[in-house]
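Participant: Please construct the entire structure, taking both the sequences and the accompanying hints into account.
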Amino acid sequence: MSKVIMAVDDSTSIRQMVGFILRDAGYEVIEAIDGQDGVNHLLNNSGIDMIITDLNMPNMDGIELIKQARAMPKYKYIPIVMLTTESQDNKKQAGKAAGATGWIVKPFQPDQLLAVIRKVLR
Amino acid sequence: MNETTNFNDIFRQEADELLFEIEEAVLEIEENPDDKEAINRIFRAVHTIKGSGGMLGFTRVAQFTHTLETVLDTLREGRLTVDKNLINLILRSRDHIKSILDSTSGVGEIDPDQEKILLTQLNDLIPLDDDKNAQYESGNGQEETLSKYSPKESIYRITFKPGKDIFRTGTDPGLLIEELKSFGDHNIILHYKNIPSIDVLIPDECYLSWDIILTTSQTADDIKDVFIFVEDNCELTIDIVDELIEGDDYKEVKKIGEILVERQVISEEDIKSTLNDQKRLGELLIEKNKVDYDTIETALAEQTQIKKTREKHREEIKASSLRVTSEKLDSLVDLVGELVTVQARLSQFSSVMDHSELLSIAEEVEKLTTELRDNTMDIRMMPIGTIFSKFKRLVRDLSSDLGKSINLLTEGAETELDKTVIDRLDDPLVHLIRNCIDHGIETPSVRKENGKQETGTIKLSAVHKGAYVVITIKDDGAGLNADAIKEKAIEKGIIQREAVLSEKQIYELIFTPGFSTATTVTNISGRGVGMDVVKRTIVSLRGSIELDSSPGQGTMITLKLPLTLAIINGLLVSIADTCYILPLATVEECVELTQENSDQSHGSNLLNVRGEIVPYIRLRDHLNIEGKRPNLEHIVITDVQDKRIGFVVDKVIGGHQTVIKALGPAFKYVREVSGATILGDGKIALILDVNALMLFKEH
Numbered sequence: 001m002s003k004v005i006m007a008v009d010d011s012t013s014i015r016q017m018v019g020f021i022l023r024d025a026g027y028e029v030i031e032a033i034d035g036q037d038g039v040n041h042l043l044n045n046s047g048i049d050m051i052i053t054d055l056n057m058p059n060m061d062g063i064e065l066i067k068q069a070r071a072m073p074k075y076k077y078i079p080i081v082m083l084t085t086e087s088q089d090n091k092k093q094a095g096k097a098a099g100a101t102g103w104i105v106k107p108f109q110p111d112q113l114l115a116v117i118r119k120v121l122r
Numbered sequence: 123m124n125e126t127t128n129f130n131d132i133f134r135q136e137a138d139e140l141l142f143e144i145e146e147a148v149l150e151i152e153e154n155p156d157d158k159e160a161i162n163r164i165f166r167a168v169h170t171i172k173g174s175g176g177m178l179g180f181t182r183v184a185q186f187t188h189t190l191e192t193v194l195d196t197l198r199e200g201r202l203t204v205d206k207n208l209i210n211l212i213l214r215s216r217d218h219i220k221s222i223l224d225s226t227s228g229v230g231e232i233d234p235d236q237e238k239i240l241l242t243q244l245n246d247l248i249p250l251d252d253d254k255n256a257q258y259e260s261g262n263g264q265e266e267t268l269s270k271y272s273p274k275e276s277i278y279r280i281t282f283k284p285g286k287d288i289f290r291t292g293t294d295p296g297l298l299i300e301e302l303k304s305f306g307d308h309n310i311i312l313h314y315k316n317i318p319s320i321d322v323l324i325p326d327e328c329y330l331s332w333d334i335i336l337t338t339s340q341t342a343d344d345i346k347d348v349f350i351f352v353e354d355n356c357e358l359t360i361d362i363v364d365e366l367i368e369g370d371d372y373k374e375v376k377k378i379g380e381i382l383v384e385r386q387v388i389s390e391e392d393i394k395s396t397l398n399d400q401k402r403l404g405e406l407l408i409e410k411n412k413v414d415y416d417t418i419e420t421a422l423a424e425q426t427q428i429k430k431t432r433e434k435h436r437e438e439i440k441a442s443s444l445r446v447t448s449e450k451l452d453s454l455v456d457l458v459g460e461l462v463t464v465q466a467r468l469s470q471f472s473s474v475m476d477h478s479e480l481l482s483i484a485e486e487v488e489k490l491t492t493e494l495r496d497n498t499m500d501i502r503m504m505p506i507g508t509i510f511s512k513f514k515r516l517v518r519d520l521s522s523d524l525g526k527s528i529n530l531l532t533e534g535a536e537t538e539l540d541k542t543v544i545d546r547l548d549d550p551l552v553h554l555i556r557n558c559i560d561h562g563i564e565t566p567s568v569r570k571e572n573g574k575q576e577t578g579t580i581k582l583s584a585v586h587k588g589a590y591v592v593i594t595i596k597d598d599g600a601g602l603n604a605d606a607i608k609e610k611a612i613e614k615g616i617i618q619r620e621a622v623l624s625e626k627q628i629y630e631l632i633f634t635p636g637f638s639t640a641t642t643v644t645n646i647s648g649r650g651v652g653m654d655v656v657k658r659t660i661v662s663l664r665g666s667i668e669l670d671s672s673p674g675q676g677t678m679i680t681l682k683l684p685l686t687l688a689i690i691n692g693l694l695v696s697i698a699d700t701c702y703i704l705p706l707a708t709v710e711e712c713v714e715l716t717q718e719n720s721d722q723s724h725g726s727n728l729l730n731v732r733g734e735i736v737p738y739i740r741l742r743d744h745l746n747i748e749g750k751r752p753n754l755e756h757i758v759i760t761d762v763q764d765k766r767i768g769f770v771v772d773k774v775i776g777g778h779q780t781v782i783k784a785l786g787p788a789f790k791y792v793r794e795v796s797g798a799t800i801l802g803d804g805k806i807a808l809i810l811d812v813n814a815l816m817l818f819k820e821h
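Chains as they are written, first to last, in my numbering: chain A, 1 to 122; chain B, 123 to 821.
Just so you know, the hints here were simulated from the structure itself, not pulled from any lab data. Small disclaimer: the values here were computed from a predicted structure and weren't measured. Note that CB positions come from ideal geometry on N, CA and C, so glycine has one too. Any given hint could be a false lead.
[Claimed, not checked] 30 Å max Cα-Cα, derived DSS-like pairs, lysine-lysine: (1) B:Lys346 / B:Lys377; (2) A:Lys3 / B:Lys303; (3) B:Lys626 / A:Lys106; (4) A:Lys3 / B:Lys283; (5) A:Lys74 / B:Lys283; (6) A:Lys3 / B:Lys286; (7) B:Lys626 / B:Lys596.
[Stated by the list, open to error] Label-pair ranges, simulated between beta-carbon atoms: (8) A:Pro107 / B:Glu533: 25 to 31 Å; (9) A:Lys106 / B:Ile775: 54 to 60 Å; (10) A:Arg118 / B:Leu480: 49 to 55 Å; (11) A:Pro107 / B:Phe789: 18 to 24 Å; (12) A:Arg23 / B:Leu817: 22 to 28 Å; (13) B:Thr341 / A:Arg23: 31 to 37 Å; (14) A:Leu114 / B:Lys765: 18 to 24 Å; (15) B:Phe789 / A:Ile33: 39 to 45 Å; (16) B:Asp654 / A:Ile33: 46 to 52 Å; (17) A:Lys106 / B:Lys570: 33 to 39 Å.
[What the hints assert, rightly or not] Examples of chain B residues toward chain A, derived with CB under 10 Å: (18) Arg290; (19) Thr291; (20) Gly292; (21) Asp294; (22) Gly296; (23) Leu298; (24) Glu300; (25) Asp326; (26) Val348; (27) Ile350; (28) Glu538.
Facilitator: Quick look at the structure:
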């Protein structure tokens, strides 16, 4: 059964690109437009195996999403990877403190994204 | 046997001949110093050695030869006179070239002093104005590139102790260890002594740590990268414990005490005082509480790994080959097959006799037979590259005939497959590649119009996946035209006009006998005898073929073939006293099916295995076996083409080395059975074709 990955980003193009890369690699993808939408998905969906999330988003940012996800028993141990940019080092630290598994720096190549996923998800 | 080695061998042979010629010619000029032709011959021979040597990476040969060549050039121009000294020098230089060559194949050693003397003497003969030529310019200035173990390998000791809360960041340390394992030869020691007793244990805390001894050509930075996400939440050390330096293979492997001192877990004095006793050092250290058992275990593993790696390198140098006809190998495999059958009888008999001595003999025989089987199978393995290389020619010739421009890329040429499989794979692959060239790739003008590169690409790759080798042939041509295929199939009466087919099903039609889409039949492909024959051949090799295409993007054909045809590891099961074999490579696990479970599924034949729904087939029903089902049945869960499916049997007996015997032609329409084997008690067990059974379930 293919793994389900939730991609959270307020930018449609990033969502689509990430979605395309992941589906192409055989993953099932759920897209969420911001942290709040992501939390809703987490509440309504039972089988999400991994989260890839942007950090800067309206309504609810990525850090808060990670915190909320880690507070749900079901998602306490799943891998969560954040999308960061080079300049966001303090955000990255905050994300790690909130319980993120890893990160990938934008812009990235499809191979890099898949390599990160293979590193944390089985 | 790879191409580089081949070229190297050819060069060595050529150089040997040339060196012989030099010797001959030198003796001639000794007799007759004015023999211009002999001097020319020497010059040419030396020149050839220099040129080929440089090309093939025999840099040292090329460097030295360059100086000799300059001297000979001077001689040729008449600026030197032949005398005893010069002749001696040329002969000694010749012998030196020989010794450099020999040293590259592991025979003898180069004498650096001798080289220095020779070079000085040769340079002395070169007139000053020529000095600028005397420096040999090698392309990249690298030292001897023939080394078999370049890039350089090192042995690392990695200690990894994840933070206790690692699981709470969603990290699975096991995955990191897995990633490291893919870097090279490894030896992993798990330390679990920190696990507390159950009353104080917190289930989501990590108490484990690992020591990994890894032989790899990757750098320490590459290794560090593996741990990038966890580096501030773990204790990680990466040390090089041994660098593999050429010629070092015979040096003594570090003593365990040296390793411990180096790691600063113990002082040299501790070791010395301990060494005075006569017990083994490791045991003593533990007894004296100097170090704990885990540390000793790591150190021992490290020692083993270094020994092993060096041994491997020594073998690489020594390895020589021997040609044997394939008939001899075939009969060896047959004999091993018979031996396996007899061994099964012995094992069965001894377990019935319940005689302890006999049992231990039977076990010994079983162990040896398994080893013998694996070795024999290994001998039959050949890299698939042997057939890949000839496709290059095929693509070149055919594409120019058709006025197309096509590039063939190959990948995984070193993937090994049983020789029989490779031999029988030749024709189908030729056909598939011809199809790509003829139907797949468009002409340059069409490609240009469609905004593609004028040169088309066909990619041929092979890769190991479990007990199978997966070969893919991928082109970036026009792809299959589903409408045209459907139209054709209707025309040929293969399907009804009303038939509703998925794209994939339409593509499958081209495997139907008598199908051809080309409007004009070329002499290359398109007679419609091809694809069905291809499929039949692949199926007869117990493989499968799959086709995927997207219009305008190209077509991809995937062949999945078993590694070997003769003997497999099987799982022996029984239904109503009849035995069957399931290929062990496909088996994931065995679970029990109680009456209760099967009642719960309400005839849907689905089983919940740890939260995952797995469909199952009742083999008793499917094979029409009469008799009453036992109350407790077993399900063997298999994984076929990434789908899980269970097979319900009465009993799971155990692993069985299965010598595959083909079924006679009378059974050629039996799809569920791929062969048969003889069991220890002389009974016959059918080998079930898991693939075919699953297709049955799908339809």
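Participant: Starting from the hint 54 to 60 Å, judge whether the C-beta atoms of lysine 106 of chain A and isoleucine 775 of chain B obey it.
Facilitator: Cβ of lysine 106 of chain A to Cβ of isoleucine 775 of chain B: about 56 Å, so the range 54 to 60 Å holds.
Participant: Is lysine 3 of chain A close enough to lysine 303 of chain B, meaning Cα to Cα at most 30 Å?
Facilitator: Satisfied, since the Cα-Cα distance of roughly 23 Å is no more than 30 Å.
Participant: Quick check: does the Cβ-Cβ distance between leucine 114 of chain A and lysine 765 of chain B fall within 18 to 24 Å?
Facilitator: With a Cβ separation near 23 Å, leucine 114 of chain A and lysine 765 of chain B satisfy 18 to 24 Å, so the hint holds.
Participant: Just to be careful: measuring from the Cβ of aspartate 326 of chain B to every Cβ in chain A, is the smallest value less than 10 Å?
Facilitator: At about 7 Å, which falls below the 10 Å cut-off, the nearest Cβ of chain A leaves the hint on aspartate 326 of chain B intact, so it holds.
Participant: Per the CB criterion, is glycine 292 of chain B less than 10 Å away from chain A?
Facilitator: Since chain A brings a Cβ to about 4 Å from glycine 292 of chain B, closer than 10 Å, the hint holds.
Participant: Would the stated hint for valine 348 of chain B survive a check requiring a Cβ distance to chain A of less than 10 Å?
Facilitator: Result: holds, 8 Å to nearest chain A Cβ.
Participant: Quick one: are proline 107 of chain A and glutamate 533 of chain B within 25 to 31 Å, going by C-beta?
Facilitator: Because 28 Å falls inside the window, the suggested range holds.
Participant: Within a Cα-Cα threshold of 30 Å, do lysine 3 of chain A and lysine 283 of chain B meet the stated pairing?
Facilitator: Holds - the C-alpha atoms of lysine 283 of chain B and lysine 3 of chain A are around 28 Å apart, at most 30 Å.
Participant: Regarding the pair lysine 346 of chain B and lysine 377 of chain B, is the alpha-carbon distance no greater than 30 Å?
Facilitator: holds, 27 Å
Participant: Taking the beta carbons of arginine 118 of chain A and leucine 480 of chain B, is their distance inside 49 to 55 Å?
Facilitator: This hint holds: roughly 50 Å between Cβ atoms.
Participant: Are lysine 3 of chain A and lysine 286 of chain B close enough, with their CA atoms no more than 30 Å apart?
Facilitator: Holds - the C-alpha atoms of lysine 286 of chain B and lysine 3 of chain A are around 27 Å apart, at most 30 Å.
Participant: So if I understand the rule, the pair passes when the alpha-carbon distance is 30 Å or less; does lysine 626 of chain B with lysine 596 of chain B pass?
Facilitator: holds, 17 Å
Hints 3, 11, 15 and 28, counting from the list given before, are not met by this structure.
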